[in-house]
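**Student:** Since the structure of chain P is already known, use the hints to place chain C with the ligands on it.
Just so you know, the sequences run in chain order P and C.
Position one of the first sequence corresponds to residue 0 (numbering that gives the first Met the number 0), numbered consecutively onward.
Position one of the second sequence corresponds to residue 0 (numbering that gives the first Met the number 0), numbered consecutively onward.
Hints in this document: simulated from the structure, not taken from any laboratory.
Fair warning: there could be bad hints in the mix.
To be verified - With a straight-line cut-off of 30 angstroms between C-alpha atoms, the simulated DSS-like cross-links for lysine-lysine are:
| id | chain 1 | residue 1 | chain 2 | residue 2 |
| --- | --- | --- | --- | --- |
| 1 | C | 127 | P | 312 |
| 2 | C | 104 | P | 312 |
| 3 | P | 318 | C | 202 |
| 4 | C | 65 | P | 318 |
| 5 | C | 118 | C | 104 |
| 6 | C | 202 | C | 17 |
| 7 | C | 104 | C | 65 |
| 8 | C | 110 | C | 56 |
| 9 | C | 110 | C | 17 |
| 10 | C | 178 | C | 218 |
| 11 | P | 312 | C | 110 |
Unchecked claim - Residues of chain P clear of chain C, computed beta-carbon distances all greater than 12 angstroms:
| id | residue |
| --- | --- |
| 12 | 25 |
| 13 | 126 |
| 14 | 172 |
| 15 | 195 |
| 16 | 202 |
| 17 | 298 |
Stated by the list, open to error - Estimated spans, in silico, between C-beta atoms of each pair:
| id | chain 1 | residue 1 | chain 2 | residue 2 | range |
| --- | --- | --- | --- | --- | --- |
| 18 | C | 177 | P | 126 | 42 to 50 angstroms |
| 19 | P | 180 | C | 93 | 47 to 55 angstroms |
| 20 | C | 93 | P | 304 | 22 to 30 angstroms |
Note that CB positions come from ideal geometry on N, CA and C, so glycine has one too.
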Amino acid sequence: MDKLKQLHKTLVNNKFINYTVVFFIFIILFLLINSGVINRYLSNLIIMILIMIVMATSLNIATGFLGQLHLGHAAFMGIGAYTAGIIGIALQDVIASDLLLFLVATFGAMITAGFAGFLVGTPALRLRGDYLGIMTLGFGEIVRTVITNLKSITNGAQGLSGIPRIMTFPIAFWTTVIVVTLIFLFMNSRHGRAIISIREDEIASESVGINITRYKLLGFILASMFAGVGGSMFAFKESFLAPISFNFIKSVEIFVIVVLGGMGSLSGSIIAAIVLVFLPEYLRDFNQYRYLLYSSVLIIIMLYRPQGLMGTKEINFIKIKTWIKSKYTKVFLKGSD
Amino acid sequence: MLKVTNLHVHYGAIHAIKGVNFNVSEGEIVTLIGSNGAGKTTILKTISQLLEQTEGKVLFLGENMKQYAPHEIVHLGVSHVPEGRHVFPDLSVLENLEMGAYHRKDIKNIKKDFEEVFKNFPRLEERKNQQAGTLSGGEQQMLAMGRALMGHPKILLLDEPSMGLAPILVDQIFKIIDKINKTGTTILLVEQNANRALHVSDKGYVLETGKIIAQGSAKELLNNKKVKEAYLSA
Ligand SMILES: Nc1ncnc2c1ncn2[C@@H]1O[C@H](COP(=O)(O)OP(=O)(O)OP(=O)(O)O)[C@@H](O)[C@H]1O
Ligand SMILES: [Mg+2]
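Here chain P stands alone, though its shape is the one from the complex (with noise of 0.2 angstroms):
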């Protein structure tokens, strides 16, 4: 009991020191914003990180923690992104507050990829390593496909149009941390340790009781709600949506941050969203050459970190804040010397 107690204890101070940090952050961006230092174009830079970390975050659970290999994800982005436009253009008039309208419309979207996830994982999880791979990419390009030639729904190929615009960076900001929290709070509790065991070792997971139909089934339907929600964040920042944007490139660039951030830690998938989003943009001024450079550092990292910036560790506030004072008490103990 007293074990639990103090366990509980750190939590919440960990938690709270990590979410004083979080909260100070916001403050300074929205002042910043909203004073003008941070121009409209840099503010739709940073809520497009935004809509990534949610992105990266979700296919973690899948990829990182789940150990298989998804290659779609931008589907269900794409999925999550139409339902939540749909649902923005007709009820625009009927719902006064964006906040709510966001809020309905993301619901939707969650339920609509959440129930592609279900419908493509039944049978995809039956398949192993690149087999999966090739089918989640192929599940890709058939949503791709439909979504163009739904044409009295989504207006095909040459997009849904008149979204209301109503992303603003408090919203995708909160947001991202309601569904970055979610996300670590479900790894860290037991049906987390059930998946990440699958990952680790399927036969082992099995011998002590581990249900891995069921908990395949369940990450893979959670990355999917959660890419949902990026899909309707996307959709109000843009008010316009193309089957386009939601193709095999995507779902590599999506990939990739989760990679090269570390497969398995949050904290990497937030920290390569925010690099892989900003280098594209800092180096227009070399311009054809970006992609080769932005290519050279992925190489680069991939190399020398072949298990991604962090690893499946997490950044924790708390411990950097220990880490600092031992510094400082040693600074102070040496200059007492």
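**Tutor:** Below, chain C with the ligands without anything else, positioned relative to chain P:
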């Protein structure tokens, strides 16, 4: 406790197990001896429902095992330590052991089992924070066994625990098997190392290409001429 009758198992067209019968009573150590490809692993996998039998029955405490999924058998009190040490490589020793108690709700007793496991495997306690993937082969075997014991099984199915281990470690493993059994766990052991295995066992069965060709108490088998020639020469 465990009763296998007229068991047949096929891999597609290959008839791997051809009508096997055997019994394990509570408190015993029973060994299945057989050379490579005799069908030992196949039998253990069929008991724990990783494979499906084509004919025959596996009864555990009177219940037909066929109605259960592989992840459910651990709830019945059957823990399978599969061939080739399947530990969770990126998890620590402690986390691996915790996973062994994954299905349990009797949190109070889990602590006792931790102590029990560490008593049997002091090496694991020394290395409890080490990543399991970096343990030596023998230590991984101990961990796989320790993890199975964390499920507090009534019967432990061990698939070649001595495989690939140095002689000193083999001794140690068999001593531990004996110790585990003395504290009340029934054991079904599968081994090529017939000599060692029979020395800790109550009885044994000799398996050859899917059929049992000899059976009896451990003593009888150790003195059986045919068995001696085929399995005890080394
Ligand atoms: N997946 C499979 N597909 C086809 N045949 C198989 C399969 N697994 C095992 N067999 C065959 O079934 C027979 C029994 O195999 P099994 O693994 O049970 O042997 P074993 O007694 O455990 O041998 P070892 O001591 O080498 O582990 C062998 O002839 C093997 O080739
Ligand atoms: Mg075998």
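**Student:** If a hint holds in the structure, say so; if it does not, say that too.
**Tutor:** Hint-by-hint comparison with the structure:
Taking the CA atoms of residue 127/C and residue 312/P, the gap is near 19 angstroms; set against the 30 angstroms cutoff, the hint holds. With a CA separation close to 29 angstroms, the supplied pair residue 104/C and residue 312/P stays within the 30 angstroms bound. Restraint check: the Cα-Cα separation between residue 318/P and residue 202/C comes to about 56 angstroms, which exceeds 30 angstroms; the hinted pair is violated. Between residue 65/C and residue 318/P the CA atoms are separated by roughly 50 angstroms; this puts the pair beyond 30 angstroms, and the hint is violated.
With a C-alpha separation of about 23 angstroms, the suggested pairing of residue 118/C with residue 104/C holds against the 30 angstroms cut-off. Proximity of residue 202/C to residue 17/C is assessed by CA-CA distance (about 21 angstroms); at most 30 angstroms being required, the pair is judged to hold. For the proposed pair residue 104/C and residue 65/C, the alpha carbon gap of about 25 angstroms is at most 30 angstroms, so the pair holds. Pair hint residue 110/C plus residue 56/C does not hold up; C-alpha atoms about 36 angstroms apart against a cutoff of 30 angstroms.
For a cut-off of 30 angstroms, the pair hint linking residue 110/C to residue 17/C is broken: about 43 angstroms separates their Cα positions. Between residue 178/C and residue 218/C the CA atoms are separated by roughly 20 angstroms; this keeps the pair inside 30 angstroms, and the hint holds. At roughly 28 angstroms between alpha-carbon atoms, residue 312/P and residue 110/C fall within 30 angstroms of each other, so this suggested pair holds. Listed as outside the interface, residue 25/P is consistent with that label: its C-beta sits roughly 33 angstroms from the nearest C-beta of chain C, beyond the 12 angstroms cut-off.
Non-interface status of residue 126/P relative to chain C is upheld: no Cβ of that chain comes within 12 angstroms, the nearest being about 19 angstroms off. At the 12 angstroms boundary, the C-beta of residue 172/P stays outside the reach of chain C, the nearest C-beta of that chain being 32 angstroms off. In this structure residue 195/P is not separated from chain C by more than 12 angstroms, as the shortest Cβ-Cβ distance comes to only about 8 angstroms. For residue 202/P, the shortest C-beta to C-beta distance to chain C comes to about 5 angstroms, within the 12 angstroms cut-off, and the non-interface label is violated.
Annotated as non-interface, residue 298/P keeps its C-beta farther than 12 angstroms from every C-beta of chain C; the closest such distance is 25 angstroms. A hinted range of 42 to 50 angstroms holds for the C-beta pair residue 177/C and residue 126/P, which are about 43 angstroms apart. The hinted range of 47 to 55 angstroms is not satisfied by residue 180/P and residue 93/C, whose Cβ atoms lie roughly 26 angstroms apart. Range check, residue 93/C to residue 304/P: about 27 angstroms between beta-carbon atoms, so the 22 to 30 angstroms window is met.
Hint check: violations occur at hints 3, 4, 8, 9, 15, 16, 19; the rest are consistent with the structure.
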